[in-house]
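> Sequence:
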Amino acid sequence: MKVILTQDVKSLGKKGQVIDASDGYARNFLLPKKLAVLADAANMNELKTKQEANKYKKDMSMAAAKEVAEKMKNFQITFKLKAGENGKIFGSVTSKDIADELNKKYFVEVDKKKVMLDDSIKNLGTYNVEIKLFEGISGTLKVNVVNE
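Each residue of the sequence shown is one higher than the one before, starting from 419 at the first, in the numbering used here.
Rather than coming from a laboratory, the hints here were simulated on the basis of the structure. Here the structure is a predicted model, which is why all the values come from computation and not from measurement. Where a beta carbon is used, it is the ideal one built from N, C-alpha and C, also for glycine. Some clues are possibly wrong.
Unchecked claim - When the alpha-carbon atoms are kept at most 20 Å apart in a straight line, the in silico EDC-like pairs for lysine to aspartate or glutamate are as follows:
{"#": "1", "residue 1": "Lys476", "residue 2": "Asp458"}
{"#": "2", "residue 1": "Lys531", "residue 2": "Glu553"}
{"#": "3", "residue 1": "Lys475", "residue 2": "Glu464"}
{"#": "4", "residue 1": "Lys475", "residue 2": "Glu566"}
{"#": "5", "residue 1": "Lys514", "residue 2": "Glu464"}
As the list claims (entries may be wrong) - Label pairs and their computed distance ranges (CB to CB):
{"#": "6", "residue 1": "Glu527", "residue 2": "Leu449", "range": "52 to 60 Å"}
{"#": "7", "residue 1": "Val564", "residue 2": "Asp536", "range": "50 to 58 Å"}
{"#": "8", "residue 1": "Val564", "residue 2": "Lys473", "range": "44 to 52 Å"}
{"#": "9", "residue 1": "Ser440", "residue 2": "Lys473", "range": "30 to 38 Å"}
{"#": "10", "residue 1": "Glu464", "residue 2": "Lys498", "range": "52 to 60 Å"}
{"#": "11", "residue 1": "Ile555", "residue 2": "Gly509", "range": "26 to 34 Å"}
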């Protein structure tokens, strides 16, 4: 019996997948627990519509991320912090600071986990910071840390 999974089922498949399950397993387990629905014409059409909508949303998000990545080449964020001798700053610039400043200055909302810093910035200077915007799309942002 062909069914469409409505939830992930361990060792069977992922949500939205069309599988061929034995009649008893489908009738006695999958359908009563609402883990699957019959793969009739109406449900197949609904599944196809949902998949097309998800693909469209993903394509739109990818296009927006590419646009932001292109603009980001011109973005520059400056942090004015007190520094001691040898150009070592008091405190540090973290990925959260960079994400907040990017949102404040350029209205680009980025999660701090998407800012790729190996370690927080602890010295004066100019740094190129990679920011992941979407799967496989990232932009580079110039961060200046200057003495106050």
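> Please go over all the hints and tell whether each is borne out by the structure.
Hints and how they fare:
{"no.": "1", "hint": "Lys476 with Asp458", "result": "27 Å, violated"}
{"no.": "2", "hint": "Lys531 with Glu553", "result": "14 Å, holds"}
{"no.": "3", "hint": "Lys475 with Glu464", "result": "17 Å, holds"}
{"no.": "4", "hint": "Lys475 with Glu566", "result": "44 Å, violated"}
{"no.": "5", "hint": "Lys514 with Glu464", "result": "41 Å, violated"}
{"no.": "6", "hint": "Glu527 with Leu449: 52 to 60 Å", "result": "42 Å, violated"}
{"no.": "7", "hint": "Val564 with Asp536: 50 to 58 Å", "result": "21 Å, violated"}
{"no.": "8", "hint": "Val564 with Lys473: 44 to 52 Å", "result": "45 Å, holds"}
{"no.": "9", "hint": "Ser440 with Lys473: 30 to 38 Å", "result": "31 Å, holds"}
{"no.": "10", "hint": "Glu464 with Lys498: 52 to 60 Å", "result": "56 Å, holds"}
{"no.": "11", "hint": "Ile555 with Gly509: 26 to 34 Å", "result": "31 Å, holds"}
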